[in-house]
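K.L.:
Now for the letters of each chain:
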Amino acid sequence: MVVMWMFMILVWRVLSRVLRRYGRWALMVPVAAMGAAVFGLNVWTAATVLLALLLAVLLALVLVGWRQAGTSGLLPVTMLGAGICGLWAAASMARSWATAGFSVWNAFTVVVPRPIPPTGFGSPGPAKLRAASQSAAKLPAVTAAPGRFVTFARSGPPWRVVTGRIPRAVVRPHVVILGHSLWWGRLLILGSLLLLALGLWLSPRALADLRALIRRVAPRLEGWRREGNWGILLVPVTCFGLTIFGVRPWTVAAIVAAIIITIRWPRLAADLVPLVLVVFAVYGFMLVSRWVPGPRMLATPQPTWFGAIQVDSSQTSLLAGVEASALLAFGAWLFPRTVGAHARARATTGHEVELAGRVQRLTETRDHALDAAAAELRRIERDLHDGAQTRLVALGMNLRALERMLPASPEAARALATEAIETSARALSELRLLVRGIYPPVLADRGLSHAVRALALDTALPVELDVDLPGRLTAPVESACYFAVAEALANAVKHSGARRVHIRIEHADGLLRIEVADDGTGGADPARGTGLRGVERRLGTFDGILAVSSPPGGPTMIAMEVPCRLLSPKTSSCFGTG
Amino acid sequence: MQVVVAEDLFLLRDGLTRLLSAHGFQIAAAVDTAPGLLRALLEHRPDVAVVDVRMPPGFGDDGLQAALEARRQVPGLPVLLLSQYVEQLYAREMLADQMGGVGYLLKDRVFTDEQFVDAIRTVAAGGTVLDPEVVTKLVGRRSRNGPIARLSGREREVLELMAEGRSNTAIAQQLFVTEKAVSKHTTSIFAKLGLAACQDDNRRVLAVLAYLNS
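One line per chain: the protein sequences are A and B, in this order. The working numbering puts the first sequence at residues 1 to 578. The working numbering puts the second sequence at residues 1001 to 1214.
Extracted from the complex, chain A is given alone in its bound form (with noise of 0.2 angstroms):
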C-alpha cells in the first residue's frame, strides 16, 4: 500500500511539472495512452494516442493562441469519459471476480475447450493466456486443466460463467488479463478516480478558457455577422447536391472542399452560393423540361430526386420546377449581396490603391516643390549679395569719396560722378535680369499669353504663336508654364538649330495643353539635360506632365498638359477697350 502511495505521489509529481512545463494539454498523451490501455491496443487507439501526441505537438509549436482552448475544452470531456469507463469497466470487472470468486469456491471452473485465436494486433497472445490461467490457477481451490483457459463473458447475464465455445466476438480479452489482477482491477478503479477528479478539476479553468477564447473571437463573430456572411450557405447548398447525385466519393470532395472554403476563403464561398444555387435551378428546369408530355418526350425518364422531391411524373416534376424557381429566386436574392457587394468592395480597394499612389505623388511633388522653392531663394540671395548689394556698397562709397573731393578738385569728382551713375545703372540692370527670372513683369501684368507673346518677340528665332486662353490662370500654374515655354524655347535656340518654332497653347475641359514645335534636328532628352527635367518638376507640382518627341533628325515637340481652372475672363484693360 504504501508503495503505492509512492508510486502515486510520483506519479503526481511527475504530471504537476510536466504541466507546469508544458501547459495542460501535455495531460492529453498520457490520457489517450490511458484510453489504449482501457480500450486494448488496436489501430484506433494506437491511432488515439499518435493523434493526440501530434495534436499536443503541434498545440505546443504552432497554434500556441489556440492552444488552451483547444486542449482545455477538450481533456476534461476525455478525462471524464475515460474516468467513468474505466469505472464502468473496473465495476464490471469486480462482478465478474465476484462471480470468479464465488464460482472458485464452489470449486466451479470454467473451461474454454481451446485458445482463444488471436484476433489481431490488441488481442493478447496465447502465452499471455496461459499466463493469466496460471494466475487464476494460484487462487485457491480452483482446478484449472493445464493448458485449458479461463475466461468471463462481458455480455449476456454478466455473471454468468461461459463454458465451451465461446463467439469471439463477445470476448473482450483485456478484461481477462485485468480482471485476472486484483491489483490491476484496483488500479483501473485508481486511475479511473484520478482521471474523473482530473476531469473535474479541469472543467471550471476549461469554461474559464473557453470564455476567454469566445470574448476573443466574439468581435471577428460580429464582422462576420454584420459583413452578412452567407458563405456558412455553401456547406448546407452543396449539401442539396447530394439530393441530385447521390453520395458519392466527388460529391463527398465537394462538401469538404466547401467546408474549406467556407473556413479559408468565406468571401469566396459568399460568391460561390448564389452561383451554384444557379447551376442546381439550371438542372431542375432541365429535370423539369424533360418531363413535360409531348413529341419530344421519347420513354418515360427515369424518377431522380431533386431537393425534397422525387421526380417520377409531370405533376412531380411541376413541384420541382417551383423548388428550382426558388432556388433561382433566393440565388438572384443573395448575388447583389455576396458577388455585387464584394465587387463594389474590390472598386473601393482600387480607388484606395488609387489614393495610395496619389499621396505618394503627391509627397514627391511637394518635396520637389520645396527644394525648389530653397534652391531659387538661395540663387536670389547669392544674386542679390554679389549683384546689386555689392554695388550699392560701391555707389555709397564713391559718393562718400565724391563728398570729401568736391571742394579740393572738382574734376576728379565728377570723374567719380560719373562712375556711381554707371554702377547704380548697372546696379539696376542687374536688379531688373534678376526680377524677370523671378517673375516676369509682363506674366505680372498681363498674364500668360501676353507673357508668351513677349517671350516670343525676344526670342531670336521667328516664333509662330497659336494662343487660345480666354482668361487667367492661378500665378504659380502661370509662372511654372511660363518657364517651361522659355526652356522650350532656349533649347530650341540653342541646341536645335531650329529654322521656325511653333508653339500652341489652348485650354480646354480644365486642362491647360501647351506645345512647343520646331523643326530643328531633334535629340532632345529629358533624362539627359536638367532643364527639361527641371521643367517637368515644376509641372509635377500642379500635376502636370511633360512628353518629348525628338527623334534624331527631328523634329522636336514638346507638349506639356497642366490641370488647372481659368480664373477670369480675359481683360486686356481696365479702362474697357470697346
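Each hint should be verified, as a subset may be incorrect.
Below, in silico cross-link-like pairs of lysine-lysine (DSBU-like), each with a Cα-Cα straight-line distance of 35 angstroms or less [stated by the list, open to error]:
1. B:Lys-1192 - B:Lys-1180
2. A:Lys-494 - B:Lys-1192
3. B:Lys-1184 - B:Lys-1137
4. B:Lys-1180 - B:Lys-1137
5. B:Lys-1192 - B:Lys-1137
6. A:Lys-494 - B:Lys-1137
Output of the computed footprint for chain B on chain A, the stretches with three or more beta carbons under 8 angstroms from beta carbons of chain B [claimed, not checked]:
7. 446-458
8. 480-493
These are calculated hints, taken from the structure and not from any lab test. Being a predicted model, the structure only gives us computed values, none of them experimental. We put the beta carbon where it would ideally sit given N, CA and C, even for glycine.
We have chain A; now place chain B onto it with these hints.
P.N.:
Frame of chain A, contents of chain B only:
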C-alpha cells in the same frame, strides 16, 4: 510746355516734377493712380505725359492701359512711358495706332537728364523714342525675310538710332558721318520699306514700326 506726370512712388514723382520744372516744363498735374492719370490727361490735354507703366490700382500695366485709352480718346496725345523694364510687346502696342508721339524708356534714363528731356521734347513733337534696350533686343534677333532684310548694314544702324528717337543731326554725330549722308540713308530706308514721302515724322514712326514688326 504742359506736362502730366504719373508715378505712384512719391520720391520718384517728386524728383520727376522737380527735374522737369528745372528744365522749364510746367507741371499740369502729378497723379499716382491710373484712373487719376486718365482723368488728368482728358482734362488738361497736356503737351506730353510722363507715365509709369506699373501703377495702382492693379499694379500691372495700368499706366500703359490708361495712356492707351487716353490716346484712343485724344488721338496722337504724346505719351512717354517709364518703366523698370522694357517689353517690345508694350512698345508695339503704343506704336500700333501709327500716330507717333510715343516714348518708352527705362527709368534709369532719368539719370541722364539732358537725354531724358530731349526724349520728352521729341515725343511732344510727335516723334518716337524707344529705349536702347528694346532696340538692342531687336538687333539681337536674326535678320529674316521681309523688308528689313533688304536694308544695308549702315541703313539698319540708322534705323536703330531712329527708333531710339534720335534726330538726323544726332544720328550723324553718333555715326561720324555728315547729316546729308544720314538723310540719304533715311530716304533709302523709307523707299525700301515702301513708305510714301508724305509726312517725314510719321514716316519715321512707320519705319520704326516696320522694324519692330520684322
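K.L.:
Next step is simple, just say for each hint if it's right about the structure.
P.N.:
Hint check results:
1. In summary, the hint linking Lys-1192 of chain B to Lys-1180 of chain B is supported, as the alpha carbons are separated by about 18 angstroms, within the 35 angstroms threshold.
2. At roughly 32 angstroms between alpha-carbon atoms, Lys-494 of chain A and Lys-1192 of chain B fall within 35 angstroms of each other, so this suggested pair holds.
3. Restraint check for Lys-1184 of chain B and Lys-1137 of chain B: the C-alpha separation of about 26 angstroms stays at or below 35 angstroms, so the hint holds.
4. Of the pairs offered as hints, the one joining Lys-1180 of chain B and Lys-1137 of chain B holds, with about 28 angstroms between alpha carbons and a cut-off of 35 angstroms not exceeded.
5. Using a Cα cut-off of 35 angstroms, the hinted pair Lys-1192 of chain B and Lys-1137 of chain B holds, with the two alpha carbons roughly 22 angstroms apart.
6. Proximity of Lys-494 of chain A to Lys-1137 of chain B is assessed by CA-CA distance (about 17 angstroms); at most 35 angstroms being required, the pair is judged to hold.
7. Using a Cβ-Cβ cut-off of 8 angstroms, 6 residues of the segment 446-458 of chain A lie near chain B, which meets the minimum of three, so the contact claim holds.
8. Here's how the segment 480-493 of chain A fares: 0 of its residues keep a CB closer than 8 angstroms to some CB of chain B, so the rule of at least three is not met and the hint is violated.
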